Amino acid sequence: SQQGEEDPQALSIQEGENATMNCSYKTSINNLQWYRQNSGRGLVHLILIRSNEREKHSGRLRVTLDTSKKSSSLLITASRAADTASYFCATGLPNDYKLSFGAGTTVTVRA
Amino acid sequence: GAVVSQHPSRVICKSGTSVKIECRSLDFQATTMFWYRQFPKQSLMLMATSNEGSKATYEQGVEKDKFLINHASLTLSTLTVTSAHPEDSSFYICSARDAFTEGLNNSPLHFGNGTRLTVT
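Chains as they are written, first to last, in this note's numbering: chain Y, 1 to 111; chain H, 1001 to 1120.
Bear in mind the hints are in silico, worked out from the structure with no lab data behind them. As the structure is a computational prediction, the values presented were derived from the model and not from experiment. Take the hints with a grain of salt, since some may be wrong.
[Stated by the list, open to error] To give an idea of the interface, some chain H residues facing chain Y are shown, with a C-beta separation under 8 Å as derived from the structure:
(1) Thr1032
(2) Gln1042
(3) Leu1044
(4) Leu1046
(5) Thr1049
(6) Leu1109
(7) Asn1113
(8) Gly1114
[Claimed, not checked] Taking lysine-lysine and the BS3-like style, the derived pairs with C-alpha atoms no more than 27 Å apart in a straight line are:
(9) H:Lys1020 to Y:Lys98
(10) Y:Lys98 to Y:Lys26
(11) H:Lys1064 to Y:Lys98
[As the list claims (entries may be wrong)] Pairwise CB distance ranges, derived in the manner of DEER restraints:
(12) H:Pro1008 to Y:Ser24: 32 to 40 Å
(13) Y:Leu75 to H:Ile1012: 37 to 45 Å
(14) H:Lys1066 to Y:Ala78: 43 to 51 Å
(15) Y:Ala10 to H:Leu1068: 32 to 40 Å
(16) Y:Thr77 to H:Asn1113: 25 to 33 Å
(17) H:Ser1083 to Y:Thr64: 41 to 49 Å
(18) H:Thr1017 to Y:Lys98: 29 to 37 Å
(19) Y:Leu75 to H:Asn1051: 31 to 39 Å
(20) H:Ser1073 to Y:Ser51: 30 to 38 Å
(21) Y:Ser39 to H:Glu1059: 22 to 30 Å
Backbone N, C-alpha and C fix where the C-beta goes; we use that ideal spot for every residue, glycine too.
This is chain Y alone, in the form it adopts within the complex:
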């Protein structure tokens, strides 16, 4: 079942701008992960943040996690046309090896 919900559903920005998307979830988690999917392809893992972490960086990506609000955000800085894709958050629950994916945010970066 789907636990995470991304917001917004779609985002269109100019190259060079930052893109921010949010993920909210309902139950306690072990970790939260962000994935990218290019059209017609599989998903690529971007970053994993554990429940005891608050912020994590990877290149131009910055992820925050607020367990009290049950929410996470993904920031892509200095966006490029190649960042055009759908972004999904996925939650890992305690004692459960499955991941539950949200509905995704479609990001379009205009050149």
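Based on these hints, arrange chain H on the given structure of chain Y.
For chain H alone, kept in the frame of chain Y given last:
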């Protein structure tokens, strides 16, 4: 990095025939693989968890006799869509974890590139 190969990438078949999709972990061993279905502009719906050497675990509402899963080795899982119908047309994606080096929890999933199935 861990690579998952999924084959075929596209398949068109006639209604009533069966289609087999393969998912291979190329450079790691995967005791557990996951099969998803994705409708256009929607999220991934977990269909089943494939366990090496044992029966797959199906999610509620997924017909196990319709979607046959075999996980015969630590690097290969197959999904067979039996007696396919047009409503089975979808994008099917597999994923796997490197269970031995990454563990089952707190580790990322490695995805295949998906299979676009069209049933005519």
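Hint check:
1. Thr1032: holds, 7 Å
2. Gln1042: holds, 7 Å
3. Leu1044: Check passed: Cβ of H:Leu1044 comes within 5 Å of chain Y, closer than 8 Å.
4. Leu1046: holds, 6 Å
5. Thr1049: holds, 7 Å
6. Leu1109: Because about 6 Å separates H:Leu1109 from the closest Cβ in chain Y, which is inside the 8 Å limit, the hint holds.
7. Asn1113: holds, 4 Å
8. Gly1114: holds, 5 Å
9. H:Lys1020 to Y:Lys98: holds, 24 Å
10. Y:Lys98 to Y:Lys26: Holds: Y:Lys98 and Y:Lys26 sit about 16 Å apart, inside 27 Å.
11. H:Lys1064 to Y:Lys98: holds, 19 Å
12. H:Pro1008 to Y:Ser24: 32 to 40 Å: For H:Pro1008 and Y:Ser24 the Cβ distance comes to about 37 Å; the hint holds.
13. Y:Leu75 to H:Ile1012: 37 to 45 Å: Holds, at about 41 Å.
14. H:Lys1066 to Y:Ala78: 43 to 51 Å: With Cβ atoms ~46 Å apart, the hint holds.
15. Y:Ala10 to H:Leu1068: 32 to 40 Å: holds, 36 Å
16. Y:Thr77 to H:Asn1113: 25 to 33 Å: Holds, since Y:Thr77 and H:Asn1113 (Cβ atoms, about 27 Å apart) stay within the stated range.
17. H:Ser1083 to Y:Thr64: 41 to 49 Å: Holds: the Cβ-Cβ distance is about 47 Å, inside 41 to 49 Å.
18. H:Thr1017 to Y:Lys98: 29 to 37 Å: With a Cβ separation near 31 Å, H:Thr1017 and Y:Lys98 satisfy 29 to 37 Å, so the hint holds.
19. Y:Leu75 to H:Asn1051: 31 to 39 Å: holds, 37 Å
20. H:Ser1073 to Y:Ser51: 30 to 38 Å: holds, 34 Å
21. Y:Ser39 to H:Glu1059: 22 to 30 Å: holds, 25 Å
Checked against the numbered hints given earlier, the structure satisfies every one of them.
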